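As you go down the protein sequences, you meet chains X and C in turn.
Numbering of the first sequence is given in my numbering, commencing with residue 812 and proceeding in unit increments.
Numbering of the second sequence is given in my numbering, commencing with residue 429 and proceeding in unit increments.
Please keep in mind that the hints were generated in silico from the structure rather than gathered at the bench.
From the structure, some residues in chain C lie toward chain X, with a derived Cβ separation under 8 angstroms:
id	residue
1	PHE517
2	TYR525
3	GLY530
Because the structure is a prediction, the values reported are computed rather than measured.
Each residue gets a CB set at the ideal place from its N, CA and C atoms; glycine is no exception.
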Amino acid sequence: KAGVTQTPRYLIKTRGQQVTLSCSPISGHRSVSWYQQTPGQGLQFLFEYFSETQRNKGNFPGRFSGRQFSNSRSEMNVSTLELGDSALYLCASSLDGTTVNEQFFGPGTRLTVL
Amino acid sequence: GENVEQHPSTLSVQEGDSAVIKCTYSDSASNYFPWYKQELGKRPQLIIDIRSNVGEKKDQRIAVTLNKTAKHFSLHITETQPEDSAVYFCAAISPQYALNFGKGTSLLVTP
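Could you build all of it, start to finish, from the sequences and the hints given here?
Quick look at the structure:
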């Protein structure tokens, strides 16, 4: 099976712009979670989607949003970018939402905000 | 929400020695505790996990222990090798499927 893929792998934006990141889960996986990874804060949970519904959200401002499509692919959007949004954004997929299963990570999107 | 504390933040051991990383969590409802290894420039990969109905789990040189009463769990790596050098993250999952990570431990194994 193909692993979790994320596009684009690298992005450079300027403050005030918005950005959309994409995540394609492993075939058959219906849960997609998003994380922000920075050197100082480690891996921080953004949100999790299952069957096109956001089930949980971390402590991030409303500028961070996401959605999931019927094929389980997910996108996250960050509006009005700030310098502090520079980070590696990782998505992870897992099998389903009825039991806790291993999360498989994608390679990440490296976002740089200038 | 869940809060996961991880110690130490850095750990240096000599090849062949053991390494221990400890984590505590706050939400007593958490029921799944994975450990991820992240090599430089790569994605996190699961190395071992434990569920709340088990106290210990072992996979070759890696073991994890869980103390639900004290709300802490630990990763033990025996006979360390240079290729074990990486950042290790513990995590606890809430019943709402939010995976909360510790801040990571940078492990360096010197030959």
